[in-house]
Every structure is written in structure tokens, then in C-alpha cells.
Amino acid sequence: MATPEPVPGPYESVAASAATSRRFSWLATHGGAGTSTLASVYGGHDCGRDWPGPDAPSSVLLVARTHATGLESALRTLEVFRRGEAPPGLDLEAVVLVADAPGRLPRPLAHRIHLIESAIDVYRVPWVPSWRLGDLSGTPPRETDPLSRLTGAPTRRTR
Numbered sequence: 001m002a003t004p005e006p007v008p009g010p011y012e013s014v015a016a017s018a019a020t021s022r023r024f025s026w027l028a029t030h031g032g033a034g035t036s037t038l039a040s041v042y043g044g045h046d047c048g049r050d051w052p053g054p055d056a057p058s059s060v061l062l063v064a065r066t067h068a069t070g071l072e073s074a075l076r077t078l079e080v081f082r083r084g085e086a087p088p089g090l091d092l093e094a095v096v097l098v099a100d101a102p103g104r105l106p107r108p109l110a111h112r113i114h115l116i117e118s119a120i121d122v123y124r125v126p127w128v129p130s131w132r133l134g135d136l137s138g139t140p141p142r143e144t145d146p147l148s149r150l151t152g153a154p155t156r157r158t159r
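Taken in order, the sequence shown gives residues 1 to 159; the numbers are from the UniProt record's numbering.
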């Protein structure tokens with residue numbers, strides 16, 4: 001019996017398919033970083049402040065708020081990975097910085113973010129008023145399309 005010829009159709013590209021199937025562990029660098037919200041919106045495993053367990057995805061996205069304490073804690077956690085002190089088998093993919101307030105960051109905080117960006121990829125999540133009220137429905141903010149592509153979450157263009 002002959003194998004049928006492939007039929008052109010509306011198939012996802014291999015890259016899109018791979019991105020959709022990839023799962024991450026969201027690891028908070030401090031309390032209140034936003035891992036539960038991010039896991040709800042973008043998918044993946046919410047580790048809270050604990051290292052991913054054996055059944056959790058080994059690809060890690062570090063999460064911190066953009067206030068001084070959050071950025072310092074992100075830098076400290078990056079240092080743990082740099083020194084090889086994180087649990088074996090974990091792959092640090094990027095840092096996700098969640099806005100702690102609406103508006104522009106003060107210069108000292110922007111400088112700390114540049115330090116983090118010099119060491120690893122950084123994805124920024126803006127202030128989302130509806131998330132503060134617990135409404136996680138809808139697509140993620142347009143500004144987070146790169147993060148949506150990384151995690152395979154829907155974007156405004158793919159819905």
C-alpha cells in the first residue's frame with residue numbers, strides 16, 4: 001500500500017509546535033513575585049520559592065518584582081546559578097521581571113535591571129490592573145508577546 005502524499009494545510013510550524021509543548025518552572029526569587037499569576041496566564045509549573053522537584057519541568061524562569069528588594073533577590077539567585085549551587089539538572093532559561101507599580105522605573109532600579117540583562121535574557125511584564133483584581137482572563141498584554149512565544153501562551157495575534 002502506497003503512502004499518501006502530504007496535503008498542504010493549516011499546520012503549525014515545527015518551531016511553533018516546539019514552543020507550545022515546552023514547559024517551564026516559575027521560580028520566585030522572593031515572596032509575592034507573581035509566580036502563581038504567571039503560571040495561570042502563561043502555563044507551566046508554579047514552584048513558589050521552592051526549587052523545582054523531580055516531577056517539575058527542569059527549565060526555570062526566575063521571577064522577581066521590579067522593586068529594589070525584588071531586583072536584589074533576582075541578582076542573588078542568579079549568583080547561585082552562576083556558582084553552580086542550584087540543584088543539578090536545572091536549566092536557567094531567563095529572568096521574568098514583573099512590574100511592582102504602574103509607570104516608569106526610577107533610575108537606580110533601571111540600572112539594576114541592566115545588570116541583570118547583562119547576564120541573562122530578561123522578559124518584562126507590565127503592571128496589569130485586572131490581574132491585581134484577580135481577573136486573569138483574556139490574552140496576556142501585548143508587551144509580553146516575546147514571553148508568550150517562549151512559553152507557548154496565546155498572543156493577541158494567535159487567538
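Hint data in this document are derived by calculation from the structure and do not stem from the laboratory.
Among the hints, a few may not be true.
Label-pair distances were calculated between CB atoms; the ranges are [said to hold, decoys possible]:
| # | residue 1 | residue 2 | range |
| --- | --- | --- | --- |
| 1 | 23 | 136 | 12 to 20 Å |
| 2 | 111 | 133 | 17 to 25 Å |
| 3 | 68 | 138 | 27 to 35 Å |
| 4 | 117 | 69 | 16 to 24 Å |
| 5 | 50 | 118 | 34 to 42 Å |
| 6 | 143 | 36 | 27 to 35 Å |
| 7 | 119 | 50 | 16 to 24 Å |
| 8 | 138 | 84 | 35 to 43 Å |
| 9 | 23 | 106 | 28 to 36 Å |
| 10 | 120 | 48 | 38 to 46 Å |
| 11 | 129 | 108 | 20 to 28 Å |
| 12 | 145 | 104 | 16 to 24 Å |
| 13 | 130 | 53 | 28 to 36 Å |
We put the CB at the ideal spot given by N, CA and C, even for glycine.
Hints, one by one, checked against the model:
1. 23 - 136: 12 to 20 Å: Given range 12 to 20 Å: holds, Cβ gap about 18 Å.
2. 111 - 133: 17 to 25 Å: Given range 17 to 25 Å: violated, Cβ gap about 32 Å.
3. 68 - 138: 27 to 35 Å: Holds - the Cβ-Cβ distance for residue 68 and residue 138, about 31 Å, lies within 27 to 35 Å.
4. 117 - 69: 16 to 24 Å: Since the Cβ atoms of residue 117 and residue 69 sit about 19 Å apart, the hinted range of 16 to 24 Å holds.
5. 50 - 118: 34 to 42 Å: Hint violated: Cβ distance 28 Å, outside 34 to 42 Å.
6. 143 - 36: 27 to 35 Å: 20 Å, violated
7. 119 - 50: 16 to 24 Å: 23 Å, holds
8. 138 - 84: 35 to 43 Å: With Cβ atoms ~40 Å apart, the hint holds.
9. 23 - 106: 28 to 36 Å: Holds, at about 35 Å.
10. 120 - 48: 38 to 46 Å: Between residue 120 and residue 48, where Cβ atoms are some 21 Å apart, the hint is violated.
11. 129 - 108: 20 to 28 Å: Once the Cβ atoms are compared, 25 Å apart, the range 20 to 28 Å for residue 108 and residue 129 holds.
12. 145 - 104: 16 to 24 Å: Check passed, 21 Å falls within 16 to 24 Å.
13. 130 - 53: 28 to 36 Å: Holds - the Cβ-Cβ distance for residue 130 and residue 53, about 31 Å, lies within 28 to 36 Å.
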